[in-house]
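Asks: One letter stands for each residue in the lines below.
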Amino acid sequence: MCQRCIYVCPMKIDIPQLVFNTRANWARDKKPKGIMGSCDMALKHDTCSAMGASEEDWRFVVEDVAGEVRENQAGFENLEAPMDKEGAEFFLNQNSREPVTEPDEMVPLWKILHLVGADWTYGSKGWAAENYCMFMAENHNWEHIVRVKAKAVDDLKCRVWLNTE
Amino acid sequence: MQVKFTVQDPCQLVRKSFGDPVAEDLRFVVRTAVGEENFIDMFPNRSNNYCCGGGGGFLQSGFPDARRQYGRLKFEQIMATGAAYCITPCHNCHAQIHDIGEHYEGGYHTVHLWTILCLALGILGENERTYLGPDLAEVGL
Numbered sequence: 001m002c003q004r005c006i007y008v009c010p011m012k013i014d015i016p017q018l019v020f021n022t023r024a025n026w027a028r029d030k031k032p033k034g035i036m037g038s039c040d041m042a043l044k045h046d047t048c049s050a051m052g053a054s055e056e057d058w059r060f061v062v063e064d065v066a067g068e069v070r071e072n073q074a075g076f077e078n079l080e081a082p083m084d085k086e087g088a089e090f091f092l093n094q095n096s097r098e099p100v101t102e103p104d105e106m107v108p109l110w111k112i113l114h115l116v117g118a119d120w121t122y123g124s125k126g127w128a129a130e131n132y133c134m135f136m137a138e139n140h141n142w143e144h145i146v147r148v149k150a151k152a153v154d155d156l157k158c159r160v161w162l163n164t165e
Numbered sequence: 001m002q003v004k005f006t007v008q009d010p011c012q013l014v015r016k017s018f019g020d021p022v023a024e025d026l027r028f029v030v031r032t033a034v035g036e037e038n039f040i041d042m043f044p045n046r047s048n049n050y051c052c053g054g055g056g057g058f059l060q061s062g063f064p065d066a067r068r069q070y071g072r073l074k075f076e077q078i079m080a081t082g083a084a085y086c087i088t089p090c091h092n093c094h095a096q097i098h099d100i101g102e103h104y105e106g107g108y109h110t111v112h113l114w115t116i117l118c119l120a121l122g123i124l125g126e127n128e129r130t131y132l133g134p135d136l137a138e139v140g141l
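Order-wise, the sequence lines are chains Z and F. When we follow the working numbering, the leftmost residue of the first sequence carries the number 1, and every step to the right adds one. When we follow the working numbering, the leftmost residue of the second sequence carries the number 1, and every step to the right adds one.
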């Protein structure tokens, strides 16, 4: 689905769309289980997390990691990872794997945003960057995921939606 | 230190979204961080770069042999640069390029862009260095 074939094709033939339509025609139970499981998990919560991270888990891990940095790293005593900050310029998404499996990997990004003085926020809803329902080629499901995320951005009245993946 | 870096152009960011201008921005940022003489581009590159081979759901699909075979092209492209580090500004590319590097024993390191930026700024914390090699693991601590 990388679209390099379209890029190099003089006729711009859209093979990825053919692949997408072929995927859509497969029976659901024949599709790869890993992708299906990730899509189904994302549909269960308004966080859209394919790893099933809840709003509470997400809030906890962000505040916990940010608190640790404020305490232990000189120069970052005022570091913030804002949550649900209404009217922020940027609404930032995050791949679920970071809060769930390697939360310290979120910190460098926060530091850069802090140093440049960016007005940004995470959202407790719609924060997960991934959308496996798109890879399932299920139009109604991937559209649902996008709408939940877009609503989260609109509800906080943020101007720019930044997707890290 | 003369450590060499190359950079992956993520399909999603470059070819499918913002095109060559964002690839130029990416190179400006990377060159500034690592030093002009330490940056080696892959070939082909920018909008014409190869896919990492892990996108489109491949990483989650349960076909690791096929995925690694597809990623072989990316692996050889990285190895041809001779760079010790491949910077991957996409989570998906990071996971795949890290995996094929280990699988084919390339010996290169795979790092997020934010890791290199913070390292260059001298603000990379002790717990934020998982993907750095031993040559850079202690730098600026």
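Read the hints as simulated data drawn from the structure, not as lab findings. Glycine included, every Cβ here is placed at the ideal spot set by N, Cα and C. Certain hints may be false.
Unchecked claim - Beyond 10 Å from chain Z on every Cβ pair, some chain F residues (computed):
#	residue
1	R15
2	P21
3	R31
4	M42
5	G101
6	L136
Unchecked claim - No more than 20 Å apart at the CA atoms, straight line, and that leaves these computed lysine to aspartate or glutamate pairs for DMTMM-like:
#	chain 1	residue 1	chain 2	residue 2
7	Z	K33	F	D20
8	F	K16	Z	E89
9	Z	K12	F	E102
Asks: Next, verify each hint and record whether it holds.
Replies: Structure-based check of each hint:
At the 10 Å boundary, the C-beta of R15 of chain F falls inside the reach of chain Z, the nearest C-beta of that chain being 6 Å off. The beta carbon of P21 of chain F sits about 15 Å from the closest Cβ of chain Z, which is more than 10 Å, so the claim that it is off the interface holds. The Cβ of R31 of chain F lies farther than 10 Å from every Cβ of chain Z, with a closest approach of about 17 Å, so its non-interface assignment holds. With a minimum CB-CB distance of about 13 Å to chain Z, M42 of chain F clears the 10 Å threshold, and the non-interface call stands.
Consistency note on G101 of chain F: stated as away from chain Z, and its beta-carbon is indeed over 10 Å from all of that chain's, at 17 Å minimum. For L136 of chain F, the non-interface assignment is confirmed: its Cβ lies about 14 Å from the closest Cβ of chain Z, beyond the 10 Å cut-off. Distance hint between K33 of chain Z and D20 of chain F is unfulfilled; the C-alpha atoms sit about 35 Å from each other, more than 20 Å. Only pairs whose Cα atoms come within 20 Å are accepted, and K16 of chain F paired with E89 of chain Z is rejected, the gap being roughly 24 Å.
Taken as a hint, the K12 of chain Z and E102 of chain F pair is broken in the structure, with Cα atoms around 35 Å apart against an allowance of 20 Å.
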